[in-house]
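*Asks:* Residue numbers (UniProt numbering), protein chains in the order written: chain A, 1 to 419; chain B, 1 to 419.
Quick caveat, the hints were computed from the structure, so don't treat them as lab data.
Careful, some of the hints might be misleading.
Which copy? The list can't say, so a pair holds if one copy fits it or any two copies do.
Dumping the calculated BS3-like pairs for lysine-lysine here, alpha-carbon to alpha-carbon at most 30 Å [as the list claims (entries may be wrong)]:
#	residue 1	residue 2
1	Lys160	Lys135
2	Lys187	Lys233
3	Lys349	Lys152
4	Lys122	Lys233
5	Lys340	Lys152
6	Lys386	Lys340
7	Lys284	Lys135
8	Lys187	Lys386
Because the structure is a prediction, the values reported are computed rather than measured.
There are 2 protein chains.
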Amino acid sequence: MLEKRNPIPVAEAIQKVMLYAREGEKERVPLTEAYGRYLAEDLYADHDVPPFDRSPYDGFAIRAADSALASLDHPVELEVIETIGAGQVAAKAVAAFQAVRIMTGAPIPDGCDAVVMLELAKQYERNGKTYISIKRPFRSGDNISFQGEDVKKGEVLAEKGTFINPGVQALLATFGYSEVKVAQKPKIGIAATGNELLDVSEPLVPGKIRNSNAYMIQAQVLRSGATPVDLGKLPDDPDQCLAAIEQALPDVDFLITTGGVSVGDYDYLPVIYERLGAEVLFNKVAMRPGSVTTVAQLDGKLLFGLSGNPSACYVGYELFVRPVVRTMLYSSTPHLYKTKAILLEDFTKPNPFTRFVRSYVSAQGGQLYASPVGMDKSNIVTSLAKANALTVLPGGTRGFVKGDLVDVWLLDSEEGSAQ
Amino acid sequence: MLEKRNPIPVAEAIQKVMLYAREGEKERVPLTEAYGRYLAEDLYADHDVPPFDRSPYDGFAIRAADSALASLDHPVELEVIETIGAGQVAAKAVAAFQAVRIMTGAPIPDGCDAVVMLELAKQYERNGKTYISIKRPFRSGDNISFQGEDVKKGEVLAEKGTFINPGVQALLATFGYSEVKVAQKPKIGIAATGNELLDVSEPLVPGKIRNSNAYMIQAQVLRSGATPVDLGKLPDDPDQCLAAIEQALPDVDFLITTGGVSVGDYDYLPVIYERLGAEVLFNKVAMRPGSVTTVAQLDGKLLFGLSGNPSACYVGYELFVRPVVRTMLYSSTPHLYKTKAILLEDFTKPNPFTRFVRSYVSAQGGQLYASPVGMDKSNIVTSLAKANALTVLPGGTRGFVKGDLVDVWLLDSEEGSAQ
Numbered sequence: 001m002l003e004k005r006n007p008i009p010v011a012e013a014i015q016k017v018m019l020y021a022r023e024g025e026k027e028r029v030p031l032t033e034a035y036g037r038y039l040a041e042d043l044y045a046d047h048d049v050p051p052f053d054r055s056p057y058d059g060f061a062i063r064a065a066d067s068a069l070a071s072l073d074h075p076v077e078l079e080v081i082e083t084i085g086a087g088q089v090a091a092k093a094v095a096a097f098q099a100v101r102i103m104t105g106a107p108i109p110d111g112c113d114a115v116v117m118l119e120l121a122k123q124y125e126r127n128g129k130t131y132i133s134i135k136r137p138f139r140s141g142d143n144i145s146f147q148g149e150d151v152k153k154g155e156v157l158a159e160k161g162t163f164i165n166p167g168v169q170a171l172l173a174t175f176g177y178s179e180v181k182v183a184q185k186p187k188i189g190i191a192a193t194g195n196e197l198l199d200v201s202e203p204l205v206p207g208k209i210r211n212s213n214a215y216m217i218q219a220q221v222l223r224s225g226a227t228p229v230d231l232g233k234l235p236d237d238p239d240q241c242l243a244a245i246e247q248a249l250p251d252v253d254f255l256i257t258t259g260g261v262s263v264g265d266y267d268y269l270p271v272i273y274e275r276l277g278a279e280v281l282f283n284k285v286a287m288r289p290g291s292v293t294t295v296a297q298l299d300g301k302l303l304f305g306l307s308g309n310p311s312a313c314y315v316g317y318e319l320f321v322r323p324v325v326r327t328m329l330y331s332s333t334p335h336l337y338k339t340k341a342i343l344l345e346d347f348t349k350p351n352p353f354t355r356f357v358r359s360y361v362s363a364q365g366g367q368l369y370a371s372p373v374g375m376d377k378s379n380i381v382t383s384l385a386k387a388n389a390l391t392v393l394p395g396g397t398r399g400f401v402k403g404d405l406v407d408v409w410l411l412d413s414e415e416g417s418a419q
Numbered sequence: 001m002l003e004k005r006n007p008i009p010v011a012e013a014i015q016k017v018m019l020y021a022r023e024g025e026k027e028r029v030p031l032t033e034a035y036g037r038y039l040a041e042d043l044y045a046d047h048d049v050p051p052f053d054r055s056p057y058d059g060f061a062i063r064a065a066d067s068a069l070a071s072l073d074h075p076v077e078l079e080v081i082e083t084i085g086a087g088q089v090a091a092k093a094v095a096a097f098q099a100v101r102i103m104t105g106a107p108i109p110d111g112c113d114a115v116v117m118l119e120l121a122k123q124y125e126r127n128g129k130t131y132i133s134i135k136r137p138f139r140s141g142d143n144i145s146f147q148g149e150d151v152k153k154g155e156v157l158a159e160k161g162t163f164i165n166p167g168v169q170a171l172l173a174t175f176g177y178s179e180v181k182v183a184q185k186p187k188i189g190i191a192a193t194g195n196e197l198l199d200v201s202e203p204l205v206p207g208k209i210r211n212s213n214a215y216m217i218q219a220q221v222l223r224s225g226a227t228p229v230d231l232g233k234l235p236d237d238p239d240q241c242l243a244a245i246e247q248a249l250p251d252v253d254f255l256i257t258t259g260g261v262s263v264g265d266y267d268y269l270p271v272i273y274e275r276l277g278a279e280v281l282f283n284k285v286a287m288r289p290g291s292v293t294t295v296a297q298l299d300g301k302l303l304f305g306l307s308g309n310p311s312a313c314y315v316g317y318e319l320f321v322r323p324v325v326r327t328m329l330y331s332s333t334p335h336l337y338k339t340k341a342i343l344l345e346d347f348t349k350p351n352p353f354t355r356f357v358r359s360y361v362s363a364q365g366g367q368l369y370a371s372p373v374g375m376d377k378s379n380i381v382t383s384l385a386k387a388n389a390l391t392v393l394p395g396g397t398r399g400f401v402k403g404d405l406v407d408v409w410l411l412d413s414e415e416g417s418a419q
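This is chain A alone, in the form it adopts within the complex (with noise of 0.2 Å):
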């Protein structure tokens, strides 16, 4: 009665996961909803910036020849014969010995090759015209933005799979893309199992909890980049179950359940994926919590059946959902992102398995420590909160103590990694 597993190691657990992974279908919003969504493109420039030479300062453009001379004691005089604001261009030609007034961000006039800043000339009128007298030399190029010294017209300047923050959006406003390429969202459908649950506006009853994890997960889809699709609570009939997974199936590019992948009486995932004809690729994996994470494929779409306990759900979503949610976004770096920090308290319990410790990672000094949140119990809902990192302990160790460096995943970045 007592089923057999044999758990794999978590790297190869993803591996398995990862060979389905796929890049997503692409789709066109217009750049004020671009925000927050990944490029399913490169972004290329359509012009040089700046586009033209430019003056970064109010001042006057010169020829710089024309001040080759200047000094404290023998002040240079230039005619002042237009002024310029950003976005005009000069009408005039520009003789020996004459200067425009301009403003920041206009275009340097023909003729002229440098730019004095206001503050650093004397202007003053002489018989109805203006003039300025400058009192030190300038160079060739001083004070001028070259076109093209930012960016070359054609160069990539952010990878497809890119999260468009709002420098990026800044990009893709300057080099004129009103709508952008971007990667659609995955859908995920979420459904839960148990009997024990009451859905949240539900009073609690004897033997009864509100199920937490549906909504749990819905958020860690928004997180991903993806979009949940609420399938609600499946059946307790295995036959209406299977019904309902394969009508909710060509809906949704991957089905996340929970609960019902343990090897108690009540877990029926494991008849049900093997109704569907669905091949399991893991049923249990070196980990804790959510050691019984199962993944299965259908013609190659991934159900994943995510343990019904709080804390290994959510570990479960992270580690096995979140990389094909960002493969489909495009990303090169879809895992979580990897580092190292300090270990703030002990951990000298050997397992083992991997243990993914939900830690709370913050910055003293340029260096990161981990404090792993709330007691380690894998039932415990209340530590997810304040978590923002998961602490990797491997197995097969004797245990950790305080002061130690060890692996952290973060669960915030929106950054990842490569691995």
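The hints should help you fit chain B onto chain A, whose structure is shown.
*Replies:* Okay, now just chain B, sitting in the frame of chain A:
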């Protein structure tokens, strides 16, 4: 003609703005829309967790005293009188040397005080009755998750201002928050100034550039948790401009303008502030980029005059607007998350003003490192896309060299700093 401005230190400028920061309004949203919002009220437990003594494993609930003499040589036999799944409650009273088959999450039957895991019990049938034998003693409380051991009813689990991440969402579900009181998103009007600005969909023409700041700020507004209100481009005429601002103000919590705050002939924001009757809090900050950043207040409503230079505009938002937004969202840590990192490049040029260097901070071996991204010329838009931090180099120093531990303010962190 050249107005003299008195630069104030960055910290003082921030302080002057924060005098006008206030908490915002609240609204109710369904739990399914709560992810990514901010709690407007403390989240407290409406019941103990676990809500009853329950089994963390599949197994058998027993009376521990019955197992006192169990050993390998002298197993103890118990009669299994009932089976209860999660969500069910035991119907029978358990007498001496009786046990109940129990599933993960099910309530411990009255009279039982320990759980034997499935794999530690040998189960068999005899005369139509089910028995188990166990080969070791159990103590009272073994393998029981006790009522309230995770959370006690009434406990505050997350304070107002908390960002609703997947873990908080799980808590909200667990404690029956089918609707959640969240902070209303502040509405921020964004208007661009500058005759040189083309809309993103317009083709480039000589002397003009596309308006990237409005789109960048729009994304910054979203990242900080607020709602952007696009007010387009301000008209060139001061009267029309004044009218446009007066019309927009009642509908927004803050107004941001980009450009027009410098001392050029076409920088008319100072005039507008004067005609509005707004009090200018400062119009020069001892920082680069963004020294011309101007902030005014009118009847307590903040008017942010950010520089038209993209990098200065970006920094101005994060330093001055973000903390007032986060304060409206009830955060007690409204400023950018501040920490330190090891500088990976020399910055030997001394500067009287504090520099905010767009940087990429990475973690290697538990240590944070800061690399400036792109050349640090304030008119370079491309480096903003890759920046995830501002390296802060105080003015009045002799410069910084590779290997120095410097201040970094993180841009993408959901967390913040109190100061």
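*Asks:* Against this structure, judge whether each hint is valid.
*Replies:* Hint-by-hint comparison with the structure:
1. Lys160 <-> Lys135: neither (52 Å within a copy, 61 Å between copies)
2. Lys187 <-> Lys233: within (18 Å within a copy, 38 Å between copies)
3. Lys349 <-> Lys152: So Lys349 and Lys152 pass the 30 Å test across copies only (27 Å; inside, 57 Å).
4. Lys122 <-> Lys233: neither (79 Å within a copy, 34 Å between copies)
5. Lys340 <-> Lys152: Neither way: Lys340 and Lys152 sit 38 Å apart in one copy and 34 Å across, limit 30 Å.
6. Lys386 <-> Lys340: both (19 Å within a copy, 22 Å between copies)
7. Lys284 <-> Lys135: Intra 80 Å, inter 27 Å, cutoff 30 Å: inter-copy only.
8. Lys187 <-> Lys386: Classified as both: same-chain Cα gap 27 Å, cross-chain 29 Å, threshold 30 Å.
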